[in-house]
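Please arrange chain B on chain A, whose structure you already have, making use of the hints.
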Amino acid sequence: MKVKKSLQEILTDLKINDEFKENIVTWQTIAEKPAQTVPLPEVLHPLLRKSFNSKGIEQLYTHQKSAYEKVMEGKSIVAVTPTASGKTLCYNLPVLQTILSNPSARALYMFPTKALAQDQKSEMNEIIQAAGVDINSYTYDGDTPANIRQRVRQAGHVVITNPDMLHSAILPHHTKWVSLFENLKFVVIDELHTYRGVFGSHVANVIRRLKRICRYYGSNPVFICTSATIANPLELAQSLTEEKMYLIDNNGAPSGTKHFLFYNPPIVNKPLNIRRSATLEVRKIAGELLKNKIQTIIFARSRVRVEIILTYLQELVKNQLGAKSIMGYRGGYLPTERRKIEKGLRSGDIYGVVSTNALELGVDIGQLQVCIMTGYPGTISSAWQQAGRAGRRHGEALVIMVASSSPLDQYIIQNPGYFFNKSPETARINPDNLIILIDHMKCAAYELPFKANEKFGNVDTEELLEYLTEERVLYRNGDKWYWMNDSFPAHNISLRSASQENVIIVDQTDVANVRVIGEMDRFSAMTLLHDEAIYLHQGTQFQVEKLDWDEKKAFVREVKVDYFTDANLAVQLKVLEVDRLQAVEEAEIGFGDVSVRAMATIFKKIKFETHENIGSGPIHLPEEELHTNAAWISLNQPLAEMGHERLEQGLVGTAHALNHIAPLFVMADPQDIHVIPQVKADHNEKPTIFFYDRYPGGIGLSEKIYSGMSEVFAETEKMIQRCQCVSGCPSCIGTETVSETAKKDALKIIQSFRQPYHLSKEV
Amino acid sequence: MSLKNKLNRLKPHLSIGGQPEKAHHLPAPVKIDIPFRERWEQENVSPYFMDADYCLVREVKFPLSQQHGHYCFRDFLTAVDLWNNEPINHPLSAKGHQAGELFFFDTETTGLGGGVGNTIFLLGYASISGDNLILRQHILPHPGAEVPLYQSFLEKVNYKTLVTYNGKSFDWPQVKTRHTLVREHVPKLPAFGHFDLFHAAKRLWKHKLDRLKLAVVEKEVLGVERIDDLPGFLAPMIYFDFIESKQPDGMLGMIKHNEIDILSLITLYTHLTFQLCGIDALQTRAESYEVGRWFASLGEKSEAEKVLSKLTTGSDFTSYQAMFTLAFQYKKEKDWVMAQKLFLGVVDSEDERMMLESCLELAKIHEHRLIDYQLALNYCQKAVLLITQTKKPLKLSGQMTLEQLQIRLKRLERKYGKLLKKVHISPKVAK
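Chains A and B supply the protein sequences, listed in that same order.
Mapped onto the numbering used here, the consecutive letters of the first sequence carry residue numbers 1 to 763.
Mapped onto the numbering used here, the consecutive letters of the second sequence carry residue numbers 1001 to 1431.
Same shape as in the complex, but just chain A:
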């Protein structure tokens, strides 16, 4: 019988085995780091001290002590801590100490997901039990049974919830929470870095509403935030809470040795520069690890990818470990399903997990030895978060990032310095996005009438209140605006998704037992749940029999086929209004409001294993319209010598490359910003490339591109030049273009775009 290999042996294998060695382009070893500690604070309540001692905590890490001291001075803080550095003590310590000396004090904890909240409740309750003190800590979320809700509202010292619950269940019912809001001393915001982009902009407004209610009841809580490493934690915390914040970043937690490998799959088609699929490569590596029973987590960027890898791996190990020892984990699974997976991981019944970034967050799943990323996760901080999943508690750990052929992945893998040395991305929010702002103004007015001259966060409200009055949502009486509508505004506003309504996925395989197995946002549903689409859920294939677009329901039935589906989205863009313009001799660079129309057109059936196209079909769905912000650059000279066809292909290639580089510069999820080319833009009839925010009203991404366009073009040019292919490949300008000259043309176009920009810079 084959003896199982240890992680050490696997590491050696990777170094000497030709099969792997050749493809490992970077091997970075991150040295272990010893702990830096200080004694527990003198004044700590004896029972609390006893409780910590019983859990083996005799000392604090330096950052925990600093956090404690600042918070006890009444200062709001943001603590930046890597995974597994004991960040929870940064808030639990001051909160418990305060409640012990003042039993009427209350704290509100906010976690981005329910799973995290559950985790925290257990941890909190362990401390409380060990201390033997009378402190009530409860979770309050959609799963909280009705019969204990009242107890939570009245007697919960620590209420643990999520922003969605705060938004739709707590704030609109604040009169039931008087004892919480009158005595609220602390608001804890964990995983601060997840509150960026659209979601963060929503949450910033929920916090504005929270602070408004607190003021009404006469409390003024201290905010305690914790964040993973990002470039601007202080700025993010301050714009999210609109409070003066102190940064705590003297991390004193120890960490084990970590091997960080960049793995580039071999080239299988030299002229086209096509590499072996990252998915297949991950299957090989992960299979090897799992066969040796080494607990491994595999991250993939999309839900579909997760399910495909899951299917592969379950098949691979089903005889040795049993298919159930490898599970998928992603948003869209129902809560019970997710809890089961979390438990299995902790208990060790599950060896492998394939996850989207849902598990990137701090859910405590115990020790995993290896982390494999299928493709670059999109941001540096995301990558480090995922890497943190391996070897959380000391010991040696292995992280492998397997690059895909996408230009972004190839850029990262060929520039390890960018990843290892550059400071992580900046998290951006735009709480004043009009759509988001006005939605939350409505909720706020529902909660309490607005007074004349009242500010909502930093925003002057008068003009907005007048608009809402005209829309017959508010009613002005004297110097106050009252909610005057029969709806419950928070119910129509979702914090998580751009479109406000999700599509429910209904499994009707068993006619007698039709059940809901998940949900998906509307925009993703256009390309993933159209009629005949193959939808994957926990490795099981379902075919969509009917997508009822009006009712927002997708009816699916279990099938067994050897392909998956991939849909195309056709996008049209029109400029509605130009807000800013730099016109120079050669080109114009603009920023303004645009209308984007998107329509799912056709889908392809792609065979497993070979990934060849084995069929296609039309998609009949209505067009979706989006009003948003865009930045664009147009050439004044149409490059006539190139000819229409080549110009068009060149633009498509350029846009393809830009689409991958642009998100890097605005720290956005690649889904949040899109690039599209037009040979003859509607508004100025010039060859133009547009960058637009994929959220109604825009969240400031294209605005950032507008002011940093030269950098984006410069980096894109470098990337294309460095690519080894002859005339374009998936790693630079994509394969939609077929012409021999495509790559050359794309470069020429970029150069023409860059030229005027330099001119304008000098002007």
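Hints may be right or wrong, so weigh each one.
Simulated DEER-style distance windows between Cβ atoms [said to hold, decoys possible]: (1) A/47 with B/1084: 54 to 64 Å; (2) B/1131 with A/182: 30 to 40 Å; (3) A/479 with B/1084: 48 to 58 Å; (4) B/1401 with A/602: 43 to 53 Å; (5) B/1003 with A/479: 17 to 27 Å.
Below 20 Å or equal to it, Euclidean Cα-Cα: the simulated EDC-like pairs (lysine to aspartate or glutamate) are [unchecked claim]: (6) B/1006 with A/625; (7) A/480 with B/1244; (8) B/1004 with A/545; (9) A/605 with A/545.
Everything labelled a hint here was simulated from the structure, so no lab data went into it.
Quick caveat: nothing in here was measured; it's all calculated off a predicted structure.
Glycine included, C-beta positions come from ideal geometry on N, C-alpha and C.
Frame of chain A, contents of chain B only:
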């Protein structure tokens, strides 16, 4: 682009309720002269002033002889007397109360469901005072006038018990919510007893009514007819229209609607009392049974027995139901013989579920109490047969599932077999 233009462009993305566009006119600054005061006064509505603001209060008197549905208001006095004189315990009992201590209460709001922003614009209640029934309605003339609204309301209410229709889960919590917002300016909310007649109606008439909205109960049970009534769901629209136009007419319709709701509560309470005390000559057997069952579930054994035993003599479905319910009560009291007798009566009813349950109960009684394994075995077999031969499958749980019954069957066969052996060895033991 100006902010307003931007907002108009983004309109499709803004989730604003689909109200029709109307010309916008700014509300007149609040003065203490009351728009359409004369019109209001014709309808017995007068202003209640407080500081620089006011609310409207309507007060109407009704003679006790006035009929509302099948009863007149004087019958309500009879109902209160009944509770005070009869030895019946019941959650709706007014024992220890005088008629004037009950107040019949209902609200109208600007939206559905709970939530801080759902404004109560009408608080209405009625109570007996001397020879009259007095109905008062406190009306919010504009948003922001809630201090006078609740002040005037709380000055008037010194009653002991609220009588509502679904007020336990809706009206009263909503009053608490809105009161919290003005609690610094008005008296505290007093503590009340609370009779919620919605639950009573559900118990008594669920067997014949699909929906138990008050309007349905009025029509089908109480004999109340509404003429030109505004449906309740229009309340928000009518109120929004009223605060802009200040025109009393629409609101007066809403006020009338609220009045009928409240008056019907009195009739409903009277009717329920007569049902529970068994003095309604027109009470159906099915209603009687529901009353008996209610007493049984409350643990009011003698009352339940009194009502149900009268029903067991018939041969309709209700008599089986009565036997069945009574049998469980005897079982609780450990009167195995009576319980067995009644369960036996149900075994031949037409209702499969009741038959099945009775067989199971008989099997249990014979196995554990009366120690007759042969009979126990018979009933258990009959239960299994019922499940396996039924045409439309029943939803079964616990002891009634086929698996559980088969376990029971095996056990009984074993016990019975042992007994037979014993009988064989020493025939004396045999019964």
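For a quick check of understanding: which of the numbered hints are violated here, in increasing order?
Hints 2 and 8 not satisfied by this model.
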